[in-house]
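Participant: Below, each chain spelled out in residue letters.
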Amino acid sequence: MTPQLDMLTTIKTILLDEWFLLDTWIVVTAALAAMGCAIPGTFLVLRRQSMMGDALTHTVLPGIVGAFIISHAMKTSGWFAATGGEQPYAFDAITYTMMFVGAVAIGALTAVLSEWVQRQGRVESSAALGIVYTSLFAVGLLMIRLFADSVHIDPDCVLYGSVETVWVTGDGVPRAALASGGALVLNTLLVVAFFKELRVSTFDPDLAISLGINSTAIHYGLMAITAVTAVAAFESVGNILVIAMLIVPPATAHLLTDRLWLLIVLSVTVAAASAWLGHAFALILPTLLLTPFADAPLLRSVNITSLDASTAGMMATTSGLLFLLALLLGPRHGLVIRRLHRGFLAIRIAAEDLLGVIYRNQEDPETVNPAILTDRSLTRRLAVWWLRRRGLVTGSSTSPVLTSSGHASARQLVRAHRLWESYMAHHFNVPADHLHEMAHRVEHFLDPELRDQIAEELDGPQRDPHGREIPLDEPD
Amino acid sequence: MSTTNPSDPAAVEPTSSPPEHPSSAPLAIHDMTVAYHRRPVLWDIDYDAPPGKLVAIIGPNGSGKTTFIKAALDLVPRISGDVRFFGEPYRQARTRVGYVPQRGSVDWDFPVSALDVVAMGLYRKIGWFRPVTRRYRQQALECLDRVGMADLARRQISQLSGGQQQRVFLARALAQSADLYLMDEPFAGVDAATERAIVAVLHELRQSGKTALVVHHDLQTVTEYFDHVLLLNMRLVATGPTRDVFTNENLRATYGGKLALLDQVGHRMTLGQGNQ
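Line by line, the protein sequences are chains F and B.
In this text, residue positions in the first sequence follow this note's numbering: the first is 1, and each later residue adds one.
In this text, residue positions in the second sequence follow this note's numbering: the first is 1, and each later residue adds one.
Simulated from the structure, these hints should not be mistaken for laboratory data.
Be aware that one or more of the hints could be misleading.
[To be verified] Derived pair list, reagent style EDC-like, types lysine to aspartate or glutamate, alpha-carbon separation capped at 20 angstroms:
(1) B:125 / B:142
(2) B:53 / B:179
(3) B:125 / F:23
(4) B:70 / F:366
(5) B:53 / B:195
(6) B:53 / B:244
(7) B:125 / F:206
(8) B:70 / B:44
(9) B:70 / B:109
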C-alpha cells in the first residue's frame, strides 16, 4: 500500500470502525453547547460587546460556586430532603436550579457593575469589564478553596471542560447534552420571538427606545441569557471554549453574509461544524502526526492509533480555521475575491491605457513615447488579451490595431482624460504639466453621465489646456 | 419633574411647577434644563412648536441642538422641566412622534438591507411577536420610493453613499407616519440629489399638516427651506417665523454671544464647588 492510501485507511478506521456511541455523544453535546452559544454570541459581536462574552463566562464562576454552597447549606440544614445524597457528585435538581438562578443574577450583576465602574472609574468599557470580571472570577476561585467541603468543582474542569467524560456506558442522554440542548432551544425561541426587537435595539438603540422598545431591558436580558448559556455549557466544554463559540462562529458568519437571519443560521452551522470537525481532528491528528515517527524509541511502546488530542481544544482551533477560511474565501469581504477584483481592475486600466496610447499615436505620433508602444510586460499582454476578447483590437500583440468599436472606446477615454484636465485647469491653480498625472488616473472612472456633467459645467470645451482637441462621445 | 418636592428649597419658586393648562402644541417644552454629569448644557428652555410648520434648530457646535431633541424624547435625562407632545407626555404620544437620529450614530456595517432599516419604522405598528410580512415590506418599499431609493431597497446599508444612507433614515421616519418629526442634521454631508429629496419630503409633510423640527447647520438655506427658526446656544436665544427672527442681530447673539457666565457656573457645578 502507498503511504497516502495507508493514511486514508487509518483515518477511515478511526472515524468509522472505531467510532463509538461515546464519540457520538461527545459531538452531540459539544455541538449543542456550541450552537447555543452562537446565538447570543451573534448579538454580542454585532453590538461590539464581544468582551462581554469573555467576561460573563468568567463571572459565572462565583454564581455557580454560590449555588453549590447555598444548596449544600439547604440540604445539610434539612430544609430539603437531600435528593442527591446517594450520588458521588453533588449535581441534583436543587443545585442545578440554583446554578441557573445564580447565572442570571451574576449576568445582570456583571453588566451593572461594569457600567458603574466605567462611569465612576473614568475608564473605557473594556477596561471596566477587565476589572469586574477578573475580580469576580478570583472571588469564585477563592470560594472554591474556602468551601471545599460543600463545593465539588474542579477549577480545571471549569476552564477546559471535560467533554470526553460526558457519557458513561449505560447512561441515557448525558445531563450536559440536556442542559446545552435546553439552552439552545430557549435561545432559538427567544431569537425567533424577539427578532425585530433584537435587530432594532442592536442597530439603533435610540430609535428602539423611541419605538417603545426597552433597549436597556434587552441589553440585560441578553447578558442573562449569555450567562445561562455559559453555565449550561461550562461543565461539558469549559469556559474557554464557550468564549470561542460565543465569538468565532458569529464573526465567521459576518464575513459570509449581509443578512441578519442568515448570519444567525450560518453561525449556528459553523458552531456545529466546529464541534464535529474538532472531535474528528482530535481523534485523527495525533495518529497522523506521529505515524511517521512510529519507530522512534520514545514512541515504540505507544499504540499510536489510540491517542487523541483534547476535543475542546481542537474545536476552538477548528473554529479558528473556519474563520480563516471565511476570511480568505468570503464572497464579498474575502481576501481572495478582493485580490481578484484589484487584479481585474489593474488589467482593465492597463487595457484602457493602451487604447488611449493607440488613439493618441494615430492622432499625433509625436506625443507618444515609442517605448510605450513596444512594451512586452505581462500586464501589457494581459491587456491585449482583454481587448482582443472584447473585439476592441485586432492584429499582433506587439502592434495592435483598433477596431471600430475599439476606436469608439478609445475616444471616450481620451475625452474623459482631456475633460478632466480642463476641469482641473479651470478650478485649480496648477501649471499645465501637472494636469496629466491626475487625469491619467481619473479617466478610468468617468462614466458618460459624469463626462456630460463636466462638459456642461465648462460650457462644452473644444480643446484641452494643452490645445488638443477634446473628441465627442459620438462622432458627428 | 412634574411634582414639587416640599423639602427642596428651590421648589418654593413657582417656576419649576408644570403649566396650568398644558398646551396642545406638537411639542411644548416648559422650563427644561438638561445636564451631563451635573453640568447644565441647556438652561431653562421654554418652547411651543407651531403646528404644521418646518422649524430649523440653529446654533453653533456644542450649543445643545442634539441634546435638545434627545432630552425632549427622554433619551437623555432632564434635571427639570416638563415636555409634552400634543398635550400628552411622551410615553402616551410616542406613536405621533418620529425621530431621525444623526447618521453617524449607528453602525453601517450592520447586516441589514435598506428595506430592513425602513421596515424598523413599522415595528410598533406590526407589534410584538409578529414577523415583518409582505404587506409591511410593501409599505416600507413605498416609503423608500418617496425618497427616490426604491431600486436600492435590497442593498446592504454599507454599500450606500452617505446621502443615500440619510435618505434611508428619512424613509424610516416616513414609515412611522408620525405627526411630528424631530430630525438631527439630515442635511449634513449629503449630495445635491439627497438635499432635493429631503426638501421635497419636508414640503410633502408640511402639506399634509405635519410639523418638523430639523437641526440645520447651513445658514445659507434657512430662509429658503424653513418657516420658523429656533436659535439655540445653551439657552433659547430666539424663536419665531424665519423672516422676523432670522436676523443678523439674533444670529450674532446666537453665534457670538455664548454667555460665558453659564459656562463658568456649569463648571463649578461639575466640580461641586460651593459659595466660598
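Participant: Quick one: which hint numbers does this structure break? Sort them smallest to largest.
Facilitator: 3, 4 and 9
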